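Peer 1: These are the residues of each chain, in order.
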Amino acid sequence: MNYKLIISIAKSLLLARWKQTLVAAIGVTFSITMFVTLLGFMTGLNDLLDGLILNRTPHVRLYNEIKPNKNQPVNAAAEFKSSYNFIQSVKASSSRQEIYNSGAIMQALQKDKRVAGFAPKITAQVFFNEGSIDITGVVNGIDVQAESKLFSFNDYVIDGASIDLKNVSNSIILGKGLADKLLANIGDVIQVTTASSERFSLKVVGIYQSGIGDFDKVQSYASVSTAQKLLGKPSTYITDIQIKLKDITQAPPIAKEYAELFLSDAEDIQTANAQFETGSSVRTTISYAVGITLLIVAGFGIYNILNMMIYEKMDSIAILKATGFSGKSVNRIFIFIALSIGFFGGLAGLLFGFLLSSAIDRVPFNTAALPTITTYPVNYSPVYYFIATAFSLITTYFAGYFPARKASKVDPVIIIRGK
Amino acid sequence: MSEIILEARQINKYFHDPVTVKVLSDITFSVNKGEFVSVTGKSGCGKSTLLYILSTMDTDYEGELFIDKEIMTGKKEAQLARIRNEKIGFVFQFHYLLNEFTVLRNVMLPALNLNKFPLKEIEQKAMQRLKILGIEHLAEKNANRLSGGEKQRVAIARALINDPLIIMGDEPTGNLDKKNGQVVFNIFKQLAEEFNQTLLIVTHDQDFAAHTHRIIEMEDGKIISK
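Residue numbers (this note's numbering), protein chains in the order written: chain A, 242 to 660; chain B, 1192 to 1417.
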C-alpha cells in the first residue's frame, strides 16, 4: 500500500472541505482544552485540599494510647487459664503517655533508610488565662526545625518567626483563633495554667493559621523543652514521634513493624485519613467523566462530517476503486482524515488547555483559611496531557471507523451505472 | 492465432431485486490482443452489465472469466483491485476526474497506486500520454476547469497510464457532442492501430460501432453475433 499517495489524497479531501474540517477540529480542540484544564484545575484543588491535611500529618505516628491493659491478672492465673473470663468495669491502666526509651527509638529511626525524617512532639493540655476566664487549649512541644522541614510548619506561621520558638526561651506561637480570643499580639506575655495547677508566663513570638478554624482556636506551639517544663517532665520525655517516610504507600506495614519493635502504638496515615483519598478519587473520576463526555460529543461531530464527505465524494471513491484502489486503501484514506482531525485538533487543544490552565493559575484566590495560597491551584502534570492526546486519537479513530468502513464498501458499479 | 487477452466462459447473471431475472445467459467469447471490439445492443440488453462483470468490479455471476489467461472468478477484492490497477484501463460515460487534483495528478493516480515506478518516471509517462492525446498544455490545470471533451481525453490518458492489457469503455462518447465524440473515437482507433492497444467498448452508437474492427451484438442477455 502506498501510504504517501493515501495521505496526499486524504489531504486534498480534507482541504477541499476545509471549513467543515475546521469545525470538526475545533470540536476536538474545545473538548481537549476543557479536558486538560478541568483535570489540571481539579487535581490542583485536590492536591491543595489533601495537602491541607496530609502534608501536616505524619506518615507514621508513634505514641502510647491510653487504654486498658490487655493482660488482666485473671487471665494470667493458672486456674482460669481454660475458661473465658468476663471482666467488667476495667479502667485504663495508669501507664505513662511517654514513649519509653525515646532516645534509642530516635537513633534507630535515624538509621532506617525508609525514613525521610522524624520530629518529636509533646502534647500538653493547658488553660490559657484571660483575666478570670480560662480557655482550654493544647500546647504542642515541637522541634521547630524538624517540623518546618517535614511538615511545612513555617508556611503556616503568618506572623512572627517560627525559629524564635527555639531562640527565645519560654516562648509560644498561638493559633490565630486562640490569639484573637486572648487578644494577644506578638511580644505579649500570656498566662498558662497546666493540668497540675502550675502557672507559667509565656511570650508570644508568632501567630499560626492552619486553615482549619476549630484547630486554630485550641492549638499552640512551644519548643520541646518549654513543653517539658510546663509538664514538669525530664528532657527525655516525648509523647509522640512523627515520622515521614520516603514512600507514603509503605506506611501501613512500617507502622505495624514499628509498633512491634518499639512496643508502642503506631498509626499510619492511610488509616488516620482514609476519607481524603476517597474524596480525591471521586472528584478526579467526575473530571474524567466530563472530559470524556466532551470528547465523545466531538467524536459524533467528526462522524457526521465524514459521513457527509463520503456522500459528497461518492464519485471519487467509485473511480478510485474502479482504477484499482482496494477497499482497504479507501478505508485508510478516511481513517487518516479522521485521525488527522483528531491529531491537529488535539494538539491545538493541548496548547489552549495549557494556556487556559495558566490563566486560571493567575486568578487571585485569597482565603483566610489558606494563608500560603494566593492564586487558584493548577496541576500541570504531563500525565493529563498524555491521556488527553490518547483519548483524542482513540475517539476520532472510532468516529472515523464506521464512515471509513462504509466508504470501503462502496460498490463502484452501482455509482458508475447510476450516472 | 494471436494471444487471447480476455475470455468469458458461459457467464450467467441474475438480478434478484425485486424478483429474480436472468439478465445474461451463456455469454462465451474472447478478445485477442490488439483487437478493437465494440459491444452493441439496445438499451437494457445487458451490455453494460456484461462489461462490469468483465471488468472484475461485479463479482456476482456464474461462469468463468479469464484475463491474461488467469482466472478471475473467485478472487478476493484486494487481488481484483490490483489486477484492475495493473491490467485494465477504464473510460466511462462520465469522466470521474478528482476535482481537487490537477490534470497531471489525475492521470498519475493509478500509477502512483501501482507504485512500481519512481515519481519522476510516472510524471514523464503521464506527460507522454497527455501529448499523444494532444492535451499536454492542460497538465497543470485543475480538473474542474476543463471542457467536457478535454475531461474525457484526460480520462483516456488516465486509463493508459499503466500500459493496460485492455481498455474498457462504457459509452465513452455518450456524453459528448458529435465533434468531441469523433475526436475520442479517433483516439481509440489510433491507439488500436498505432500502439496495438486492445479495446473493448460498450456503445449503443451504431455509427461508432461500425468503424471498429469487430462488433459483438447483444439482445436480451444473449450474444447474437460476434
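Just so you know, the hints here were simulated from the structure itself, not pulled from any lab data.
Source: prediction; values computed, not measured.
Heads up, the beta-carbon is just placed ideally off N, CA and C, and yes, glycines get one too.
Keep in mind that a hint or two might mislead.
Said to hold, decoys possible - Below 25 Å or equal to it, Euclidean Cα-Cα: the simulated PhoX-like pairs (lysine-lysine) are:
#1 B:K1224 x A:K260
#2 B:K1278 x A:K650
#3 B:K1380 x A:K252
#4 A:K647 x B:K1380
#5 B:K1380 x B:K1316
#6 A:K407 x A:K332
#7 B:K1233 x B:K1369
#8 A:K245 x B:K1233
#9 B:K1213 x B:K1369
#10 B:K1266 x A:K650
#11 B:K1311 x B:K1224
#12 A:K322 x A:K308
#13 B:K1213 x A:K647
#14 A:K569 x B:K1233
#15 A:K569 x B:K1380
#16 B:K1311 x A:K245
#17 A:K650 x B:K1417
#18 B:K1278 x B:K1267
#19 A:K390 x A:K422
#20 B:K1224 x A:K569
#21 A:K252 x B:K1332
#22 A:K245 x B:K1417
#23 B:K1213 x A:K245
#24 A:K569 x B:K1417
#25 B:K1307 x A:K252
#26 A:K322 x A:K352
#27 B:K1278 x A:K245
Unchecked claim - Only part of the chain A face toward chain B is listed, based on derived beta-carbon distances under 7 Å:
#28 N243
#29 D556
#30 I560
#31 F566
Peer 1: Each hint should be assessed against the structure and marked as holding or not.
Peer 2: Evaluated hints:
Restraint check for B:K1224 and A:K260: the C-alpha separation of about 49 Å exceeds 25 Å, so the hint is violated. Taken as a hint, the B:K1278 and A:K650 pair is honoured in the structure, with Cα atoms around 22 Å apart against an allowance of 25 Å. Distance check on the hinted pair: B:K1380 and A:K252 sit about 38 Å apart at the alpha-carbon level, beyond 25 Å; violated. As the CA atoms of A:K647 and B:K1380 are separated by approximately 39 Å, the hinted pair breaks the 25 Å bound.
Using a Cα cut-off of 25 Å, the hinted pair B:K1380 and B:K1316 holds, with the two alpha carbons roughly 21 Å apart. Straight-line distance between C-alpha atoms of A:K407 and A:K332 comes to about 39 Å, which puts the hinted pair past the 25 Å bound. Between the alpha carbons of B:K1233 and B:K1369 the distance comes to roughly 20 Å, so the proposed pair stays at or under 25 Å and holds. A C-alpha spacing of about 44 Å is found between A:K245 and B:K1233, which places the hinted pair above 25 Å, so the restraint is violated.
With a C-alpha separation of about 35 Å, the suggested pairing of B:K1213 with B:K1369 is violated against the 25 Å cut-off. The hinted pair formed by B:K1266 and A:K650 meets the criterion: a straight-line CA distance of about 17 Å does not exceed 25 Å. For the suggested pair B:K1311 and B:K1224, the alpha carbons sit about 30 Å apart, so the restraint of at most 25 Å is broken. A distance of roughly 23 Å separates the Cα atoms of A:K322 and A:K308; the hinted pair therefore holds under the 25 Å criterion.
At roughly 29 Å between alpha-carbon atoms, B:K1213 and A:K647 are farther apart than 25 Å, so this suggested pair is violated. This hinted pair does not check out: A:K569 and B:K1233 have alpha carbons roughly 37 Å apart, beyond 25 Å. Between A:K569 and B:K1380 the alpha-carbon distance is near 36 Å, which puts this suggested pair outside the 25 Å criterion. Among the hinted pairs, B:K1311 with A:K245 is consistent with the structure: their alpha-carbon atoms are about 15 Å apart, no more than 25 Å.
Pair hint A:K650 plus B:K1417 does not hold up; C-alpha atoms about 35 Å apart against a cutoff of 25 Å. Restraint check for B:K1278 and B:K1267: satisfied, since their Cα atoms lie roughly 16 Å apart, inside the 25 Å limit. Note on A:K390 and A:K422: the hinted pairing is violated, with a Cα-Cα distance of about 29 Å set against a maximum of 25 Å. A distance of roughly 32 Å separates the Cα atoms of B:K1224 and A:K569; the hinted pair therefore is violated under the 25 Å criterion.
Restraint check: the Cα-Cα separation between A:K252 and B:K1332 comes to about 19 Å, which is no more than 25 Å; the hinted pair holds. Of the pairs offered as hints, the one joining A:K245 and B:K1417 is violated, with about 45 Å between alpha carbons and a cut-off of 25 Å exceeded. Restraint check: the Cα-Cα separation between B:K1213 and A:K245 comes to about 44 Å, which exceeds 25 Å; the hinted pair is violated. With a C-alpha separation of about 38 Å, the suggested pairing of A:K569 with B:K1417 is violated against the 25 Å cut-off.
Proximity of B:K1307 to A:K252 is assessed by CA-CA distance (about 23 Å); at most 25 Å being required, the pair is judged to hold. Between A:K322 and A:K352 the alpha-carbon distance is near 42 Å, which puts this suggested pair outside the 25 Å criterion. Between B:K1278 and A:K245, the direct Cα distance comes to roughly 23 Å. Compliance with the 25 Å bound is thereby established for this hinted pair. For A:N243, the suggested interface contact is upheld, since its CB lies about 4 Å from the closest CB of chain B, less than 7 Å.
Hint on A:D556 holds. Least Cβ distance to chain B is approximately 6 Å, under the 7 Å limit. The interface hint given for A:I560 is met, as the beta carbon of that residue sits about 4 Å from the closest beta carbon of chain B, less than 7 Å. Taking 7 Å as the C-beta contact cut-off toward chain B, the hint placing A:F566 at the interface holds, the least distance being around 6 Å.
In summary, the structure is inconsistent with hints 1, 3, 4, 6, 8, 9, 11, 13, 14, 15, 17, 19, 20, 22, 23, 24 and 26 from the numbered list given earlier, while agreeing with the others.
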